[in-house]
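Novice: The residues making up each chain are set out below.
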Amino acid sequence: MRYIVSGSGLEVEVEVVEAPGGGYRVRLEGREYDVRWSPALGRTHWWLEWDGRRQIVVVEPEGDLAGVTLAVDHLDLRVTAASPLRRPSRASGRALPAVEVRAPMPGLLVALEVRPGQAVGAGEAVAVIEAMKMQMELRTPAAGTVREVRAGAGGEVSAGDVIVVLEPDRAAGAA
Amino acid sequence: MRIRRLLIANRGEIAVRIIRACRALGVVPLAVYSPVDANAPHVRLAAEAWPLPADPPAESYLNISRLLEIARAAGADAIHPGYGFLAENPTFAAACAAAGLIFVGPPAEVLQRCGDKVTARQRIAAAGVPVLPGTGAVDDREAMAAADGVGYPLLIKAVGGGGGKGIHLVESSADLPSALRLARGEAVAAFGDPRLYLERWLDRPRHVEVQVLADTSGQIVHLGERECSVQRRHQKVIEESPAPALTPALRRSLGTAAVAAARAVGYVNAGTVEFLLDGEAFYCIEVNARLQVEHPVTEMVTGVDLVEAQLRIAGGEALWLRQDDVILRGHAVECRVGAEDPHHGFLPSLGVIAEVREPAGPGVRVDSGLAPGLVVSRYYDPLLAKVIAWGPSRPTALDRIAAALDEMAVSGVRTTLPFLRWAVRDPAFRAGDYDIRFADRWEQRLNRKPPDREAQEAAAIAAALWTHNRLRGRVRLQVLADGWRRAARLEALGGGK
Numbered sequence: 000m001r002y003i004v005s006g007s008g009l010e011v012e013v014e015v016v017e018a019p020g021g022g023y024r025v026r027l028e029g030r031e032y033d034v035r036w037s038p039a040l041g042r043t044h045w046w047l048e049w050d051g052r053r054q055i056v057v058v059e060p061e062g063d064l065a066g067v068t069l070a071v072d073h074l075d076l077r078v079t080a081a082s083p084l085r086r087p088s089r090a091s092g093r094a095l096p097a098v099e100v101r102a103p104m105p106g107l108l109v110a111l112e113v114r115p116g117q118a119v120g121a122g123e124a125v126a127v128i129e130a131m132k133m134q135m136e137l138r139t140p141a142a143g144t145v146r147e148v149r150a151g152a153g154g155e156v157s158a159g160d161v162i163v164v165l166e167p168d169r170a171a172g173a174a
Numbered sequence: 000m001r002i003r004r005l006l007i008a009n010r011g012e013i014a015v016r017i018i019r020a021c022r023a024l025g026v027v028p029l030a031v032y033s034p035v036d037a038n039a040p041h042v043r044l045a046a047e048a049w050p051l052p053a054d055p056p057a058e059s060y061l062n063i064s065r066l067l068e069i070a071r072a073a074g075a076d077a078i079h080p081g082y083g084f085l086a087e088n089p090t091f092a093a094a095c096a097a098a099g100l101i102f103v104g105p106p107a108e109v110l111q112r113c114g115d116k117v118t119a120r121q122r123i124a125a126a127g128v129p130v131l132p133g134t135g136a137v138d139d140r141e142a143m144a145a146a147d148g149v150g151y152p153l154l155i156k157a158v159g160g161g162g163g164k165g166i167h168l169v170e171s172s173a174d175l176p177s178a179l180r181l182a183r184g185e186a187v188a189a190f191g192d193p194r195l196y197l198e199r200w201l202d203r204p205r206h207v208e209v210q211v212l213a214d215t216s217g218q219i220v221h222l223g224e225r226e227c228s229v230q231r232r233h234q235k236v237i238e239e240s241p242a243p244a245l246t247p248a249l250r251r252s253l254g255t256a257a258v259a260a261a262r263a264v265g266y267v268n269a270g271t272v273e274f275l276l277d278g279e280a281f282y283c284i285e286v287n288a289r290l291q292v293e294h295p296v297t298e299m300v301t302g303v304d305l306v307e308a309q310l311r312i313a314g315g316e317a318l319w320l321r322q323d324d325v326i327l328r329g330h331a332v333e334c335r336v337g338a339e340d341p342h343h344g345f346l347p348s349l350g351v352i353a354e355v356r357e358p359a360g361p362g363v364r365v366d367s368g369l370a371p372g373l374v375v376s377r378y379y380d381p382l383l384a385k386v387i388a389w390g391p392s393r394p395t396a397l398d399r400i401a402a403a404l405d406e407m408a409v410s411g412v413r414t415t416l417p418f419l420r421w422a423v424r425d426p427a428f429r430a431g432d433y434d435i436r437f438a439d440r441w442e443q444r445l446n447r448k449p450p451d452r453e454a455q456e457a458a459a460i461a462a463a464l465w466t467h468n469r470l471r472g473r474v475r476l477q478v479l480a481d482g483w484r485r486a487a488r489l490e491a492l493g494g495g496k
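From first to last, the protein sequence lines are chains W and Y. Here the first sequence is numbered in numbering that gives the first Met the number 0, starting from 0 and rising by one per residue. Here the second sequence is numbered in numbering that gives the first Met the number 0, starting from 0 and rising by one per residue.
No wet-lab data here; the hints were simulated from the structure. One or more of the hints may lead you astray.
[Said to hold, decoys possible] Not the full set, but computed from the structure, chain Y residues with beta-carbon under 7 Å of chain W:
1) P347
2) S410
3) P417
4) W421
5) P450
6) A459
7) A461
These figures come from a predicted structure and were not determined experimentally. Ideal Cβ placement from N, Cα and C applies to all residues, glycine included.
Just chain W, with the same shape it has in the complex (with noise of 0.2 Å):
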């Protein structure tokens, strides 16, 4: 199988063949690589032996990318199957307008401060987020109106909810 694995300024080719006694070959860059890859602590954490090295890899979805942290190093990958198994591109759907603001972590909203038809500034605090002690304000990625609020003060949101969705003015909506 051959895999092009992109991201954190990364673009190459990975071939991976499963060889006799489950390790496997690897070439990368015009290298080849003996690999043996195995499970090192929960389902999260890998041993990964290549070229003499050892070390830990984790590795966890993100999206639709993986997320790769080494000891100290992390990037976000995106892995492709080169052939036969290339996916079907999920960008082809129409761009929306709206600009969401999400919880960029979980916990409790306790403020919430603009209403639907309300408009808003570049950098506006909208809401405000709690969660182990520590609060942190929401503020509008652009300008423009706000269209939906889909949270409420006092209540308990996750990394990643829709708090405010906001029509943007049309120069920061050209996009």
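Keeping the supplied structure of chain W fixed, place chain Y upon it in accordance with the hints.
Specialist: For chain Y alone, kept in the frame of chain W given last:
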């Protein structure tokens, strides 16, 4: 030991730490736990564990009436508050005393005095110890009026505060109103006290603090200092003892000043006098009336068990140590492992711990609240565990902690381990040449430099093999609700100046 049965009104690694001291001293440790903590290690290690009604702090580890009922029902004769929660709450200390229970910490009036940062600072200044320019407790209008006099940049701090909560750095008057509002919100949430004060911000100071022990008869000794300049959001992340920046003369001056400050507030039990060091000048900022998170580095270099000392002093013993008996040996460093994602703005990472591997070895100590099944919830502090290493010299201690951090692994939530591994190997940190801005360099590194070639190749192979196995159905997909990338981008937008 006068104390026989000790109720520990806390959770996590500090509850485990206190339980261990109890076991060594023949004191019966009694734990409490909120529903979400039912699988936590402190519940299993204690002799008895008593349930608290609900998860929010006000109904669990801050629930004074319930804690006192449990103490009575469990036959406790003393309560240890740990740090955070009720540790510096004078109402709780007074309620313990009224119920005939020994509160392991300073008496209520001392907590009151230290907790009112404004009054404490005045007393300390009157004792001849230098303090930073600042205001008393101010409302928003007074703050706006006084800010120019204090000078920008300045810090907003909670009068009732501690542990870095409710502190906001303000660069200019335009940012003051929004910072005041956030700081008041946090102060109310964390301490139930909306009062704030302003204090001058030094650009690149070092944070150095001195551990003291004081008995009820007014004898006070200090146990050397800790350097705590590696901080994020005003929360300490790495601490070491001795402080690499101090000359022997400066160390003596700080020790003397710390004892004078402790005496000025009438301190009793184990406490910490915090200073900012700016070149050769130092300013006392506050007295922390509790056992500090970073107490183990002092224990490693002095050989004094600070929890034992707390229990003995609380039990009425006169101080058994004189200043000359305190001998510092070698070097110790502590790294705090928290449930925060260092690659995405250090946002809290919540989840259930699946599996943990903790390090060991010569000079290595791990104070941990981690175990499989532990729920990392939004209700409590993100601190999971502390990795501490001692060595006969600073380089050896740093080598040992670097190896220990490499060995440690936590599956289930993201942790600060990658940041810590970078920090302890950083050349400036290794040279002892760092200040309170040190941690900013991590963000700069993330923004500037892509990972090196070898890291990229390892990650590419890992991502390909992980996907390969997923596609082959060998590994069941672990679905995580994850908005981290978008979240980090949003925070970056929100935090941009």
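Novice: All hints, please: hold or fail.
Specialist: Cross-check of the supplied hints:
| no. | hint | in the structure |
| --- | --- | --- |
| 1 | P347 | holds, 5 Å |
| 2 | S410 | holds, 3 Å |
| 3 | P417 | holds, 5 Å |
| 4 | W421 | holds, 5 Å |
| 5 | P450 | holds, 4 Å |
| 6 | A459 | holds, 4 Å |
| 7 | A461 | holds, 4 Å |
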